[in-house]
Structure formats: C-alpha cells, structure tokens
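**Student:** Residue-level listing of the chains:
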Amino acid sequence: MDPKLFLSASRVLIVAGKGGVGKSTVAATLVTAAQRVGLRALLIETDGKPLLIDDAADQGLSARTITPAEALSEYLDNSGLGRISRRLVTSGIVDVVASASPGIDHLLVLGKVKQLEREAAADVIVVDGPAAGHALTMLRTPRALADSVVVGPIRQQATDVLAMLNDEARCQVLLVTIPEPTPVNEVIETAFSLEEDIGVRLAPLVVNRVDDHPPIAIPASIASDSSVARAARFRNDRIAGHARSIADLTQRLPLAQLHLPLDTNATLDERTTHLLRAIENLEGSA
Amino acid sequence: MTRLDAVIDDARVVVVAGSGGVGKTTLSAAIALRAAVAGRRVAVVTIDPAKRLADALGMGGEEGTVGIGNDPVRIALDDARGELWALMLDTRSTFDALVDRYSPDAEQAARIRSNLFYKNISGALSGTQEYMAAEKLYELTGDDRFDLVIVDTPPTRQALDFLSAPARLRRFIDHPLYRIVIAPSSIGLRAVSTVTQPVLRTIARVVGAQALDDALAFFKAFQGLDAGFRQRAHDVDRVLREPSTKYVVVTSGQPEPIAEASHFIGELGSAAVDVSLIIANRLMPDFGNDSVSSDDDALDAALRENLRELADERRAEDGNLEPLRQERPDTPWVRVPLVPELVDERLETLGALRLLGRALGDAD
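Listed in order, the protein sequences are those of chains A and B. When you read off a place in the first sequence, starting at 1, and then add 693, the result is the number in my numbering. Just so it is clear: in the second sequence, position 149 is 131 by my numbering, and no numbers are missing.
Incorrect hints may appear among the rest.
Claimed, not checked - Interface residues of chain B toward chain A, partial, derived using beta-carbon atoms under 7 angstroms: (1) F269; (2) N271; (3) D272; (4) D278; (5) A284; (6) N288; (7) E295.
Said to hold, decoys possible - Far from chain A, some chain B residues (derived; all Cβ distances over 12 angstroms): (8) L59; (9) R212; (10) R307.
Said to hold, decoys possible - FRET-style restraints, in silico, Cβ to Cβ: (11) D941/A <-> R223/B: 40 to 46 angstroms; (12) Q808/A <-> T313/B: 42 to 48 angstroms; (13) R223/B <-> P947/A: 49 to 55 angstroms; (14) G270/B <-> N958/A: 20 to 26 angstroms; (15) A949/A <-> G270/B: 37 to 43 angstroms; (16) P908/A <-> S226/B: 46 to 52 angstroms; (17) E963/A <-> G270/B: 25 to 31 angstroms; (18) P311/B <-> R926/A: 31 to 37 angstroms; (19) R336/B <-> P907/A: 40 to 46 angstroms.
It is worth saying that the hints were derived from the structure and are not from the lab. Ideal placement from N, C-alpha and C gives every residue a C-beta, glycine not left out.
Hey, can you work out the whole structure from these sequences and the hints?
**Tutor:** Listed below in structure tokens is the structure:
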C-alpha cells in the first residue's frame, strides 16, 4: 500500500503498547516516515519523557509534550474561568475534586489532541500514548464521562473527544507489540477491548523486533557445546519462538501486521526505511 | 555469597521496581522462590493487574479459578527449607479494610463505602493502588508467618508513586478542601453547599456539581477517621524507609527500560533511599568464541556469522547499559542472561523460575 495514503488515513494516530516493546521508538519512526513521504507530522508525548523529546528534536522531528496539568489550565482559560481557577489549580484543590470524576486529566489531554486535530496543526499527529494498561484507561475515559456526567463543559468535551475516537478518518489507534507470548496475549486483549468498549478503529498492528533470519543449520560433526553450536541453538530457538508468537497473533487477531526487524543498532533513518518498506508490502486498504 | 543473596539475607522487605517488559514480576517470583528454598518464610506480593505472577507461579488459569488473592496463599514446594506464599493485591478491598478499621462504627464505614467519590478514588485515583500496596506490605511485615516480604511494583513511574504514596495520602487528608468542608461542621453539609461558597462554586463549574457534592459528602463522612489514617500513613512510610527494606531495580538491555531505571534511581536518591542492587535482566548470553569447524565451509561461515551477530547484540546492550553503570559505580550489579525457558510460556513454571533463580545466583 502507498505509505502516504497509509500515514494520512487519519489525522491522529495514537500509538499504544506495553512498556519495553519500543512504543516510543515506533512513534518517532512513524513521524519520520510521514515526513519522508512529504507529510507535515507532529509527535506528541503524553507522559512527559523529556529524554525522548530531546532526542526527537535532535533528529529534526517536530515534537511537543502535553501534560494533564497544562491541559487543565488551558481548559480553564478557554472555559472563561479566570485567575481564581488558576489559583485553585496551583493550590491543588482541583486535583482532589477532579478525583471525583476520575480520568478528567486523561480527557483534557485527549481534548488538547482533538483541538490540534481540528486546527489541522499537522497532516499527521502521532500521539505517543501512556504505557500499558494506562492507554486503555485513557481511551475509555471519554465514554465513561460522556455516560456519567449529565451536563456542563466536561460532558461537552467528552462527547467531542468520543466523536473523534469513533471517526476512523480522524483518529486511529496503532498498537505495538513484540513477538513473545506475554506481550502477544496482552495486545490481543487490548485490541478487542479497544474495538468493543471504545469503538475506535485500529490501524495495522506493529510487531517490533522480529527475528526473521532463516534457521541456522548445525552440522552433526561439530561439538554441541561449542560457541557456534550454542549460539546457533539460541538463535534458532528465538526464530522459532517469534514465528510461533506471530502465528498465534495472526490466528487470534484479524488485523494486518507490520513487522519491524530486530536490529539493535539501527538508526532512526534505517528504522524509517524498514517501516516504509513494511507499509509498501501491506496488501489492500487495510 | 552472591550479590543477590547478600541483599536478601539482610532484608525484611524487598521492593522490585523497573519498567514494564523487563521480567520484573517473574524475577520477583524467582527471588522469592530462591529465598524460600534457602529457608526464609517469604510472602511475594504483586500489584500488577495482568495476573502474571499467578502464571509465573504456575497458578494461572481462567479468571477466578486460581488460589491467588488478596490474602497470602501457600505454594507447595517439596524441597524448600522455608515457605513460599503469594498474593495478588486487591486495591479496593484493602482500602475497604482500612475504612472498616478506623471507622468508629459500622454505620459510618457503610456511609463511606457507598459514597461515589470514595468508589472513584478507591478504584481509580492515581496513587491509590500504590498506597494500598505499601499498606499491604506494612500489614505483611507485621505478620509472624513471614520473615521476608517481596513486592513486585507496577512500571517505573508508578513505583515512584509507591514511595511517595503515604506522604500523598497525608496531604490528601490535610487538604484545604477537607478543611473548608470540615470547619463549619456544626452547620451540616447543606450549609456548605455549592451556592454559598464562591470557591466551591468555581470548582463545580469545572468538575460538575454532582461530582463536587459527592466529594463533599465523602470528606464529611471521613471525619473522625483522619487521625487513624494519618498515623497509619506515617507507620507505612517508616517501613518503606527502614534499612532492612531493600530496593532492587530491574532493567533489560534496551534503551527505554534503561532510561526509566536511571530516572527511577535518581528519584529514589532524591528521596534519600538507596538502591541495593541493579539487575540487568534478559541479556544476550556470552557464547565465547572457540574455533570449532566442520567440513562444510558454507555452514561454518553461517555459524560464525550468527555468532558474530549475537555478539554484536551483546555489545550493543553493554553500550546501552554503560552510562547507567557509570552513574552508579558503587551499586552492585547482577547481569542475568536470557533464560529461554522463561520466554516460552509453556515453561513459565516453578522449574523455569528455579533456572532463573540459579542464573541470578551465578551471575556476578
């Protein structure tokens, strides 16, 4: 499939995955890939990892962080609540009361993303979401609040964000996993939960760090405890394990997959090339 | 004595922290198993909602069919001199138990437990889970059945919350809003309504009047419990800072978990808590480099190429870990090579945990 079409299928792409699967790296790679095919792309960090933002800036990516606190104070300004509100925020009172409507912080972050989307701040807005189960919690928030809050600005915000999440031309979620049993089980659970509970469209799944090397033949004539034999067995186990996990994933989750190779030393540039190639190899309009 | 055993032998509590996907839960179970085999009476707690510890201990199964729960369950071991107990933290029921303990009467406890604001914070307020884990840890250290408590924590940023949780609960109780509500206590809740107080009126515009009313009702019902909660938070905090409470930080050889580990160690340091051990887990093994060859040149070339590639991966991991090593020159390290049996879920059993425990002990 044409990478430009793929990357601009929705204006917002929320990247989610459990810790350690390389979610942030994949998010940065998506942004570079979009830039390479001529799209204006913006990377948004939601859990404030300054390290990655610095890296991104170093590599010429357009990136910014949205924290709940910033989103809240901006929201208060926009709602016409003046100085008194900001004093409430700084004294922490709103924090406590916001606990009465759990997830208000998540909603405000998503609300800010929605605002950037409406302003067409970029052709593609890649959101590096919070890790693991927190992404699910975050994405569930708008529906929960739209259902439980009857009136007022929060309900309006929840309804607007939900409309964005439910419109596949505006927003899709891209899940990242690695080809090992536990991450695969978790990503399947997350995928079904996202579609059923939230009704958000899932982009093809990224399977990161795949070892797709062909199996290595071990001649019977070499000692089985030699370095080369032990290394080959280790590699073969890994290759077979990855293949098993990918087969399992394919069977249980009807979602197109983008495989990124295991290459510890790859630069962002090389990763981008891999990603674009994987997208080109995708069939149809998945 | 191995570096791991040196840490465990002095410990009453071991807090295992690190980012997701580095094998923290499995390591916690392996450390607990190793200590139990060596003669300790160990309780291992997981607060990870993925129920992976149950799997790691071979107790996994369909939802609700396992014997792991909010109370410790003994794991049968035929060769251990000590005992191994496991439990999965249930945040809500731990919070409920605290409310029951400090409520003057059953009616007040019921009033709090049925309050919507309470239901929200006990299930969802960020940090509640961490505080209840700390609370559970405190409870278990006072339980004579155990002489070692091992706590698996949620991913890094929450583990930080874990340490600061008691202080935050105290702040919550001492909160200005609480004072606003409690001060005119003789007038009753109706009088402190959203209409009469400009501050509250503003808050209501932000979060909605219903949410605010629930919060006010909660703080009202909470009267009388605050002293008990405050004392408890103080006691929990003390246990978290005792010298016999050891912090172990786990990472893999990948850049993201290493950055998280470094961040976490720094934060602990600023809270005057030291890290006793860094475990670099799931690393590429060192296969050595002996010169063995067969009589097939093409096969030999492929074998050597593979050995080189894996050695490159190992070098890349070392390179990733080096800055952390330099940041913490005095903290003991354990390098644990990947135990392939643990990656394959069919083998995520006590046997595989023993292998990992052995790897932990051997790897210095």
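**Student:** Compare the structure with each hint and give your call.
**Tutor:** Verification of the hints:
| no. | hint | in the structure |
| --- | --- | --- |
| 1 | F269 | holds, 4 angstroms |
| 2 | N271 | holds, 5 angstroms |
| 3 | D272 | holds, 5 angstroms |
| 4 | D278 | holds, 6 angstroms |
| 5 | A284 | holds, 6 angstroms |
| 6 | N288 | holds, 5 angstroms |
| 7 | E295 | holds, 5 angstroms |
| 8 | L59 | holds, 24 angstroms |
| 9 | R212 | holds, 16 angstroms |
| 10 | R307 | holds, 18 angstroms |
| 11 | D941/A <-> R223/B: 40 to 46 angstroms | holds, 45 angstroms |
| 12 | Q808/A <-> T313/B: 42 to 48 angstroms | holds, 44 angstroms |
| 13 | R223/B <-> P947/A: 49 to 55 angstroms | holds, 51 angstroms |
| 14 | G270/B <-> N958/A: 20 to 26 angstroms | holds, 22 angstroms |
| 15 | A949/A <-> G270/B: 37 to 43 angstroms | holds, 42 angstroms |
| 16 | P908/A <-> S226/B: 46 to 52 angstroms | holds, 50 angstroms |
| 17 | E963/A <-> G270/B: 25 to 31 angstroms | holds, 29 angstroms |
| 18 | P311/B <-> R926/A: 31 to 37 angstroms | holds, 36 angstroms |
| 19 | R336/B <-> P907/A: 40 to 46 angstroms | violated, 33 angstroms |
Checked against the numbered hints given earlier, this structure breaks only hint 19.
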